[in-house]
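Trainee: Next come the chains, spelled out residue by residue.
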Amino acid sequence: MNKSDRSWLGRALESLQPILAVLLGLAVGLAFTRFAGESPLHVLKVLYQSAFGSSYDLGMTLFHTTPLIFTGLSVAIAFHAGLFNIGAEGQLIWGALAAAVVGHAFPHLPGVIAPWIAVSAAVIAGAIWGAIPGWLRARRGSHEVINTIMFNFIAAGITSWLVIEPLRNPDTQNPETAPIGEAFLLAPFRVFDDAPVGPAFLLALVAAFLLWLFLNRTSLGYELRAVGQNEHAARTAGIDIARIRIFAMAVAGGLAGLVAVGEVLGNAGRFKVGFSPDYGFMGVAVALLARNHPIGILFAAFLFGALHKGAMDLDLETENVTRDLALVLQACVILSVSAEGAWHWLRRVGSAGKKRG
Amino acid sequence: MIRSSRLWIALIAGLLLTTVAKADEFRVGVVLDRGGKDDKSFNAAAFKGGKEAEKALGITLKTVEASDDNSFEPMLRSLSQKKFDLIIAVGIAQADAVKKISAQFPQLKYALIDAQVDAPNVTSLLFEEHEGSYLVGAAAAMASKTGKLGFLGGVDIPLIRRFQMGYEAGAKKVNPKATVVANYVGVTTEAWNNPTKGRELSLSQYDAGVDVIFAAAGASGTGMFDAAEERSKGGVKKFAIGCDSNQNWIKPGLVLTSMLKRVDTAVFSTIDSAKKGQFVAGTKRFGLQNQGIDYAVDSFNDKLLTSEMRAKLDLLKKEIIAGKIKVPDYYSKRSKTAQN
Chain P
0 MNKSDRSWLG
10 RALESLQPIL
20 AVLLGLAVGL
30 AFTRFAGESP
40 LHVLKVLYQS
50 AFGSSYDLGM
60 TLFHTTPLIF
70 TGLSVAIAFH
80 AGLFNIGAEG
90 QLIWGALAAA
100 VVGHAFPHLP
110 GVIAPWIAVS
120 AAVIAGAIWG
130 AIPGWLRARR
140 GSHEVINTIM
150 FNFIAAGITS
160 WLVIEPLRNP
170 DTQNPETAPI
180 GEAFLLAPFR
190 VFDDAPVGPA
200 FLLALVAAFL
210 LWLFLNRTSL
220 GYELRAVGQN
230 EHAARTAGID
240 IARIRIFAMA
250 VAGGLAGLVA
260 VGEVLGNAGR
270 FKVGFSPDYG
280 FMGVAVALLA
290 RNHPIGILFA
300 AFLFGALHKG
310 AMDLDLETEN
320 VTRDLALVLQ
330 ACVILSVSAE
340 GAWHWLRRVG
350 SAGKKRG
Chain R
0 MIRSSRLWIA
10 LIAGLLLTTV
20 AKADEFRVGV
30 VLDRGGKDDK
40 SFNAAAFKGG
50 KEAEKALGIT
60 LKTVEASDDN
70 SFEPMLRSLS
80 QKKFDLIIAV
90 GIAQADAVKK
100 ISAQFPQLKY
110 ALIDAQVDAP
120 NVTSLLFEEH
130 EGSYLVGAAA
140 AMASKTGKLG
150 FLGGVDIPLI
160 RRFQMGYEAG
170 AKKVNPKATV
180 VANYVGVTTE
190 AWNNPTKGRE
200 LSLSQYDAGV
210 DVIFAAAGAS
220 GTGMFDAAEE
230 RSKGGVKKFA
240 IGCDSNQNWI
250 KPGLVLTSML
260 KRVDTAVFST
270 IDSAKKGQFV
280 AGTKRFGLQN
290 QGIDYAVDSF
300 NDKLLTSEMR
310 AKLDLLKKEI
320 IAGKIKVPDY
330 YSKRSKTAQN
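From first to last, the protein sequence lines stand for chains P and R.
Residue numbers for the first sequence follow numbering that gives the first Met the number 0, beginning at 0 and rising by one.
Residue numbers for the second sequence follow numbering that gives the first Met the number 0, beginning at 0 and rising by one.
Don't take every hint at face value.
Computed spacing ranges between beta-carbons, pair by pair [as the list claims (entries may be wrong)]:
(1) P:E318 to R:P327: 45 to 53 Å
(2) R:V180 to P:P165: 35 to 43 Å
(3) P:P169 to R:K323: 42 to 50 Å
Residues from chain P that face chain R, not an exhaustive set, calculated with beta carbons under 10 Å [to be verified]:
(4) R33
(5) A35
(6) G36
(7) V162
(8) P165
(9) D239
(10) V272
(11) K308
(12) N319
Covered by chain R, according to a simulated footprint, are these stretches of chain P (three or more residues, beta-carbon under 8 Å) [stated by the list, open to error]:
(13) 166-173
(14) 274-285
Hints are computed from structural coordinates only; laboratory data are not their basis.
Backbone N, C-alpha and C define an ideal beta-carbon position, used for all residues, glycine too.
Sequences and hints are given; from them, build the entire structure.
Mentor: As structure tokens, then:
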């Protein structure tokens, strides 16, 4: 079927498909609340109010969007190289811990360079944690899906121990490190009331743009995509596949490590064990929703961030629906977006109807 | 025209009425710790206190549970922005968030359980856990045949060490030769909610000869009750001691007693006095002497806890209240650092 054969309906469906899919997923998810005895419209209103109702709420939505952009990009770049990075969670934990340790160890650095040093530490720590499974895959052939999952547990275990034993904050019972130096803290933007949204959000936007440039406008990015799309062709073309794989996983880890900027430098001012509500795994969903397109990830992360924040008020404003609805909605959106077959079928029906008419 | 103006009047009257009704309402928000209202222990006690107040005092109650440690602050803020009359934060992990939010909403009232925040609009509710742990430690030593006792902690933090220390001291008071094996489920807040690991640790303690375990582990403690049932199948009974809520009912006949930490009454009385306009900021301590801490006797453990044992426990209780027995306190041992 070539383009001219398609009906206007088929074409419209195709260009609007991602948006339609998201709306359909949300509608189905909200319809579930009917069974819990709530009005879906009321639930939608609560979600909307809580996610965008005030400048603070919008700020909190962006606060949750920021780490999801980083983890989404992390998953996406690995995916472009034909690798599935489920290890963003472990990589971001290491990044956050590294930033907190540097921030605590050198409290007297001047404010101009201090955050940059912490950011570099976070990127390096995340990159190392990503590169190890990358190396194992490239040189030893052990599958990165298994390795990155297991590396999440190893990261959680080691960082928890480090925080509890040598790095513990003696002033509190909570498992967290001592606060970082003042010079490292990034001030939030005033417009969002008191929500901790600051330079990290801008950094996330820049990172997405740079990643898009890298993938589409550089030869290394081209090689990376070639490895992902056809390994044999890439090898025949003389691309060093092992090198590309390790590189992709290192960049993926570094991107995940950048979650530290918003959390440690921009919000808590320390590393708290358990600060992440599975940002790393939500990143997989974000990348999937955006089909690994760096710019699409910005929107997907925003949607998921809004759902995450929006659901927080559900416990307060409804009788029977809890904030876990966010997970249901995210799942419905993912299902409806990834239901390729159904969309193809719809498109066929659309063009067939046109022909008959 | 007339019709529509009537409609308007009706609408405005309706609005006025609802606002009047709303002004009358006393709204209480409770933010629960990890583990949630169904942990049958600590959070369940707080939830119960809130529910009782809802029924008896006619307040409006809203409870929220944290899914991660970063959600305490937005939740407290959300309740504050909606101008709840009293906001109760349950658990030590919320101390920082309460400190920050209470300063931003000085006209609102906050209560914090298990941790201390010094602010003119915060009341901190603290419990003398070591006193109750001492009593159940004594009960455990009296009931034990092997002289080996077990302790199952949730998260390894000073608060839980305080339980353990009191428990050990109580056991040694009754039987100086008693030994206590202690295990902790974990080091992060997730460890409040891991019954599987709680069960595994309890099983291995029972297998090592322990015949009474005391769990201060939130929802993870429910694993201990399953372990007690499993290891009692051979005919020799293994006992468990519950914590915070009265947990005697969970496995009747195997739960020796429960150390009661009356978070429910603390929550209830805080709501009650706030509703009467008698909210007082500062620190309130609950111990044996004001029944904020106790041990549980009911129809489920009536036969397990013999009258001799009860007499001994009540004697110890009196002596602690009178100050004749000094129960070692992990907090004072670690000086100031732990209280926050």
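Trainee: All the hints need checking, so say for each whether the structure fits it.
Mentor: Hints and how they fare:
1. Evaluation of the 45 to 53 Å hint for E318 of chain P and P327 of chain R yields a pass: the beta carbon distance comes to about 47 Å.
2. Distance hint check: the CB atoms of V180 of chain R and P165 of chain P are about 26 Å apart, inconsistent with the given range 35 to 43 Å.
3. In this structure the hint that P169 of chain P and K323 of chain R lie 42 to 50 Å apart at CB is violated, the actual value being about 34 Å.
4. Hint status for R33 of chain P: violated, given a least beta-carbon distance of 22 Å to chain R, over 10 Å.
5. Because the closest C-beta pair between A35 of chain P and chain R is about 17 Å apart, greater than 10 Å, the hint is violated.
6. Because the smallest distance between the Cβ of G36 of chain P and any Cβ of chain R comes to about 17 Å, over 10 Å, the interface hint for this residue is violated.
7. Proximity of V162 of chain P to chain R holds as hinted, the smallest CB-CB distance being about 8 Å (cut-off 10 Å).
8. Taking 10 Å as the C-beta cut-off, the interface hint given for P165 of chain P is violated, the closest approach to chain R being about 13 Å.
9. Look at D239 of chain P: its Cβ only gets to about 41 Å from chain R, farther than 10 Å, so that hint breaks.
10. Among the interface hints, the one on V272 of chain P holds; its C-beta lies about 5 Å from the nearest C-beta in chain R, closer than the 10 Å criterion.
11. With 10 Å as the threshold, the beta carbon of K308 of chain P comes within range of chain R, its nearest partner Cβ sitting at about 8 Å, so the hint holds.
12. Taken as an interface hint, N319 of chain P does not check out: its beta carbon lies about 13 Å from the nearest beta carbon of chain R, beyond 10 Å.
13. Residues of the stretch 166-173 of chain P with a Cβ under 8 Å from some Cβ of chain R number 5, which satisfies the need for three, so the listed coverage holds.
14. Coverage of the stretch 274-285 of chain P by chain R holds [criterion: at least 3 residues with CB-CB distance below 8 Å; count 3].
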